[in-house]
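Student: Given these sequences and hints, build the entire structure.
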Amino acid sequence: MASNATIYKAVLQIADIDRQYFQDHALTLARHPSETEERMMIRVLAFALHADEALSFGRGVGTEDEPALWQRDLTGAIGCWIEIGQPDEKILRQACGRSKQVIAYVYGARSAEVWWANQSQSLDRLKNLAVTLLPMESVRALAEMARPTMQLQWTIQDGHIWITDGPQTLHFELQRLKS
Numbered sequence: 036m037a038s039n040a041t042i043y044k045a046v047l048q049i050a051d052i053d054r055q056y057f058q059d060h061a062l063t064l065a066r067h068p069s070e071t072e073e074r075m076m077i078r079v080l081a082f083a084l085h086a087d088e089a090l091s092f093g094r095g096v097g098t099e100d101e102p103a104l105w106q107r108d109l110t111g112a113i114g115c116w117i118e119i120g121q122p123d124e125k126i127l128r129q130a131c132g133r134s135k136q137v138i139a140y141v142y143g144a145r146s147a148e149v150w151w152a153n154q155s156q157s158l159d160r161l162k163n164l165a166v167t168l169l170p171m172e173s174v175r176a177l178a179e180m181a182r183p184t185m186q187l188q189w190t191i192q193d194g195h196i197w198i199t200d201g202p203q204t205l206h207f208e209l210q211r212l213k214s
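Following my numbering, the numbering of the sequence shown begins with 36 at its first residue and continues without gaps.
Just so you know, these hints were derived from the structure itself, not from any lab. In this text the structure is predicted, and so the values were computed from the model without any measurement.
Each computed SDA-like pair below joins lysine to any residue, with the alpha-carbon atoms no more than 20 Å apart:
hint	residue 1	residue 2
1	K135	D100
2	K162	A112
3	K162	D123
4	K44	L64
5	K213	A165
6	K213	R160
7	K44	A178
8	K135	T110
9	K44	D87
10	K44	Q186
11	K213	E148
12	K125	K162
13	K44	P68
14	K213	C115
15	K213	I196
16	K213	A144
17	K44	Q203
18	K213	Q121
19	K162	E124
20	K44	P183
21	K135	T167
22	K135	R211
23	K44	D200
24	K213	Q154
25	K44	E88
26	K213	C131
27	K44	M180
28	K44	L90
29	K213	S155
30	K213	G143
31	K162	C115
32	K125	V149
33	K44	R94
34	K213	D159
35	K135	L109
36	K44	T71
37	K213	N153
38	K44	M185
Tutor: Here it is, written out as structure tokens:
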């Protein structure tokens, strides 16, 4: 874990109707001082959307040879590579060469739309890349759920996500830019 990182513990109860996946996961997250709560909670969101026993977090912010999350098999082959933010086209191209599937979760008020407008043409030729835009209002609301100790219930169905932390329920609708 990164030095001077803030440690968060999260218990996720995931009901993914689309994948017929129903599991609980206990996560320990290290939030680097340069990482926002928004980005950290998007890592949790990405984990919930792709939850699997083989899914793990990368080493963290600024590590170019590792994604935010990835899923590797027993041989070390990368089945899924997940990036968060507005990744460079070069990083996504290299990830597509190393992994069966690459997923980018893009966020950031107006800047995410500008990023997509500038990148969409070059990214279109990457056949194993999916890009999803996360609405900034929902990202901010998700960041407000961040606590040093969290218990979150996730229900996922048809591109919709409902996240409950007890008193509050948040609805997320994913906007697929590239499938």
